[in-house]
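Student: Protein chains in written order, with the working numbering: chain A, 1 to 313; chain B, 1 to 403; chain C, 1 to 282; chain D, 1 to 414.
Calculated directly from the structure, the hints in this document are not laboratory data. Fair warning: this is a prediction, and the values are worked out from it, not measured in the lab. Hints may be right or wrong, so weigh each one.
To be verified - Facing chain B, from chain A, some residues (calculated, C-beta under 7 Å):
no., residue
1, 41
2, 90
3, 97
4, 102
5, 104
6, 108
7, 109
8, 112
9, 116
10, 128
11, 256
12, 259
13, 287
14, 294
Where a beta carbon is used, it is the ideal one built from N, C-alpha and C, also for glycine.
Here are the chains, one letter per residue:
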Amino acid sequence: MGAYDLFRLFFPYILSGISIGGQYALIAIGYSMVYSILRLINFAHGDVFMVGGLFMVFAAATFPLWVAIPLVVFLIVLLGFTIERVAYKPLRTAPRMSVMISAIGVSYLLQNLALYFTGGLNRMYPAFPWISDTISVFGVSTRRVTVITPFLVVALVFALVWLINNTKVGIAMRAAAKDFDTAQLMGIKINSVISTTFIIGSFLAAIGSILFFTNFPAVFPAAGAMPGLKAFVAAVFGGIGSIPGAVIGGLLIGIVETVIRGADITLGPTGLGLFNRSLDIAAFSDAFTFVLLVIVLVFRPTGLFGDKPTDKV
Amino acid sequence: MKKLSVGNSISILVLIIFFVLTIVLEQFIAPTDRMNMLLVCLRQGSIFALLAVAMNLLNGFTGLFSLGHAGFMLIGATTYALFSMPLAERSIVFTWFSDSYVIRISFPEVLGNLLGGPGMIIGMLISIILAGLVTAAFAFLVGLPVLRMRSDYLAIATLGFAEIIRAIIMWQGLGPVTNAGNPLRSFTRTADLNVTIGGQTFGLITFTLAFLSAVCIFIIFLLVTSSYGRAFKAIREDEIAAEAMGINLFKHKQLSFCISSFFVGVGGALLAIFMGTVAPLQFRAAMTYEFLLIVVLGGIGSITGSIVGAMLFVFASMWWLRGLDSGTFLGLDRITIFGVNLGERVFVSGFRMVVFSVIIMCIVLFFRRGLCGDKELPYYVNKLRELIARKSKPKPEAGGADA
Amino acid sequence: MPDNVLRVDDLTMQFGGVVAANNVCLEVNKSEIVALIGPNGAGKTTAFNCITGVYEPTNGRVSLNGEVIAESFPQGKMKDLYKGENRGKYTQSVKLTPDRITYRGISRTFQNVRLFKALTVFENVMIAKHMRAKQNVFSATFRLNTKEEKRMREESMALLEEQKLDHLKDHIASSLPYGLQRRLEVARALATSPSLLLLDEPAAGMNPQETQEMAEFIHEIRDRYGLTILLIEHHMGLVMQISERIYVLDFGKMIAQGTPDEIRADQRVIDAYLGVAEDAAN
Amino acid sequence: MKKKMFIALTLALLMTLAACAPAAPATPAAPAADAPAAGDAAAPAADGDMPELVIGLFQPATGANGAGGRQESLGTIFANYRQPTVEIGGVMHRVRIEQVDNQSSTTHGPAAAAELVARGVHIILGSYGSAVSIASSDVFADAGLTAIGVSCTNPNVTRGNDFYFRVCFLDPFQGQVLASLASNTLNADTAYVLTLLGDDYSQGLAHFFTEQFQSLGGTVIQENFPEGTSDFSGFMTNAMNAGAGVIFAPTSAEAAALIIDSAGVAGTDIPLLAGDTWDSPQVLDAAVRSGVSVMVTTFYQEGGAPEWDAAFKEWLNANPAQLANNGGSDVIAGFTAMGYDAYMVTLDIFQRAGVPYPFDQDAIRAATWETSFYGPVAGLIEFDEHGDARRDTAFVKTVNVEEGAWEFYAAQRL
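This is chain A alone, in the form it adopts within the complex:
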């Protein structure tokens, strides 16, 4: 089998892997930023992403797109902000477990609300002109959004990194991530820093939801759960608190996941012929993410680019 054939065999998977990985990355940044400041796994983040999809379904039905898209992004940012104010802020001094439980509670509430308002049925995401169009990349047919995603992600990440390194609020964020209490003592308005973090995270989740659901146009109450968890794993993999880490983690998980999904065909009897019967590997595509997580946590708990946390005795 020649190089061209190999390319033909694997390229479609890698292409869609990069795309979905980019979307994970956008969600992962939100997880990563919140975790680095509050040490909180914001379980509701994936559901915020799902709600973003749902808002768009309803918004696009009433408004033209140029109204609907900014409106949805604004509403999601508002939602993220509100969740932090209502569900996390009152628990600032509580044990970490309480906050995590609160996050799970919010996730449960959002899913049940979605269930209620959709009647538990799938809602089809509206098709956007241009980015929803089908195009052909090296002979592989795909949506334009697949190709746009990685570029958009890189652009957003550069903007974000610039923001964090050069603006006052960005510096405050880094300070809070390094040492929450000291940052507070130094006069940093910790609440506004945290709110900003949630606003940025939700903004990226809203963009991520537009890209994701344009690609996979069904919104259902649990639609955010799995991408959310995977994005968190991506954040851990890249090193919590590291934005480039989250992006690389997201891309890696996205690619590996799609490649595994195709492994039975590409490696099996109809592909490279490494094994002669179906091993049903495809069914492991989700579980694999967690295997990766456990491996990372065991061998390199700080992820690829993370700082080592120190506990004081």
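Put chains B, C and D on the given structure of chain A with help from the hints.
Tutor: Chains B, C and D only, in chain A's frame:
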């Protein structure tokens, strides 16, 4: 033996009355009665109580924030189903793996043939215990890497392991063993728990399930009040101090993890009996969250709380609040506000769960200690007696409840 | 060397590029009260943590009653980063977890009291008894260990009575006043039946009268339980009053050792403390 | 403060209990008069003197099968609307429908079933989705109630259960029809079968399809996807890489929409084939949107009974809530028709059993076995020794992309 305190003896009395009631009620309530929901909810509630208490042992008493509950329940339920399914049923259940099924023993059947009715019950018990043991064994393996992690990483890693376990059980390659995620069914049924004496059948389903759960909960209660229970609590309070007091962190965490998982496995097996079907698709993270919320509802670190929380959860979501879904609730459905009829527009499918999650959020945010804090039943019995004693005095104190 | 209860050789602890303890050597003989002093950040608590197994030293050896309980040499990344001395002197790697070290007979208190806050005073002591109880989960759960449990209860009660905490036995630990919390922490440490007790600033935050009581208390427990005591303390009055020998650390290095009188006169010690006068004044 | 709020909360819960559970006597004596508050959904209290026949509608309204469950329920409710009373043993009975949402879940299903039984229903219809039906069948059997499956096609629903019947065809039949369609009509050598992991319906239908397709000389490549999968592009690439001539995807309508969409994006011209569950407006929409060729088997083809179609559509369009339950369009799904027939056959059974209120469950079951009823929409219903309807016809329909509608393809018989 030490003399029982009044609080303890009244608590025991309450439990005895409860069990007598389960037996008596079941004889008089037919499945078609409205009140049968009471029995159904008691059954599910007791099993949920056990599962919640087992989770509390880990999360509340040992302070290990584990989210692997659903995965371990699945192991327990699957093991139970596999070892209690009558052989004749297997070719039907394993249809898609035409007769190549691996496990070819059914304890209730073997012992039932040998000893009759009681043998069947013993067989079920053996399968239940086996379910617990297998679950504990898996927990041991999972615990090796996971229990060395920091608290929140532990949470996400156990959550991950639950998904991995589910994926493995559902793997096509293991089909002949586990039926590859296709529902297991036709194993023992709840009706098998009834006892027939002289042609008269006595319904013991509620009693048996509640009793088995109660025995397990009692063992957990004994554990947490033992020296080991204190060690677990020490770990929860301060790992470094606990270690400095000679408590081997890993060993004790592993112990708590395995014991908790054993009872989760047993609970999974009981749940399998209750449901009659084991469908791995259902054992997802959402299920773990439900139990976590039950534990929080009842109070982290209180066994009584977990029981009360589980009962409230089951009764409310399965029965009392169901009206919120079907359009009739306390007559509120006849009210129309701004031209919107509550019954038609608001009380539709899913509203129950919304109300429910709002209640839970309120508890998480405003009653952080849950219903029972970290107190147990005897404490409340004593509190109640104090209250009554004060009331019966000639000059009752006002506002005594705020004490 | 039966007199050497604790012996620390060339202990070096380095966090990344920061050397917290550098080539620390100390010896504590049987029934001695020895103090480890030094300005803030001198590495005293680091040394404690290395002795009790909380930290794995970067280089050096700790032995208890002639038995090595911790030994280490620069490994992995540390090979390049290591700034200390005695490279290559230690070649074996002995790493006991804190609970094993406690089991061997070293018990400790903490700088900022670490009680099991939500548990009762009695439970706090009982937990420390857990380690040496002859029982397993099964026997403990099913109450087959009643004799053992009874012994633990009686011993714990006795200990609380000796510490005059018995009337508070059912109080929640965090509800005690600070001084009693300190005393409870010592009682808890004693409950592990140690031969060597490490006290990390036992008189921190106490008024002069309490400090005086603490001094007597330390003497008393040493005599009553036949203990050897190593303590970290900033209260110079207390240190000079009770300790038989004193080690002085500064910037991770041992700068002086000797009897209280020798230390009082040592110029290096005076210099080291000059910058932190307010500490010495306490 | 907190304590008081807590007490108030507890009181509220207790009051709810009181409201939902009136002190019901063991045998409800005067049904219409003291019908529980949480119950009389449909009927006005005006003709309260009439005894009631209560049909329990055991359907999912939420979850993976929510859409199908709602559509199926519509058929039954419409039937109830058209024929709200029935004469049994010389006594006129009002027919009331009790609904419970089983959430498409085998965990919540049995509790929902118990709830339905406890509401005092006399017969059960449902559920859409074989897995829930199987999981809950014991609850009905233990209560001695007859249950009639409307569209649950897995053989195991009725196997070994004397209380469960069904009016639809079975998966072995459906699988055969689809396999011969794939092999003979579409001339496919290789079939790519995509199934939901751990789903009885999906695995079962795939199994029967594979059996038949292989016996016709074809090759089958089967892959499973885990529940909650959004990204099917990898699987579509797999199908193309495997050189499949047909993609067979017996899944829920929810997954179907995503699969069809992915197929459209992947630009494949491989036809997609599926069973009864794909007979849904969602599938139609998705197929029209992405221009993929889709073929499904169904119980009923619109146009088979034109006058019924018209009446149903009129009723459906009259109420926006009902229209929403049908997926927002008035396309008639096969299982809606089956829901209608199941209601009618139920009335027939009660009439033949001949015992008026409070009915005799044994007589009802005996009458069920002897059913020979010509369903007004989908044809003759008779039960075989398992309690399955003898059905020999499945309709095959295909999506006409230009017109955006289902198009009759063939009536397959075996």
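Student: Indicate, hint by hint, whether the structure satisfies it.
Tutor: Verification of the supplied hints:
no.	hint	verdict
1	41	holds, 6 Å
2	90	holds, 6 Å
3	97	holds, 5 Å
4	102	holds, 5 Å
5	104	holds, 5 Å
6	108	holds, 5 Å
7	109	holds, 4 Å
8	112	holds, 4 Å
9	116	holds, 4 Å
10	128	violated, 29 Å
11	256	violated, 15 Å
12	259	violated, 17 Å
13	287	holds, 3 Å
14	294	holds, 6 Å
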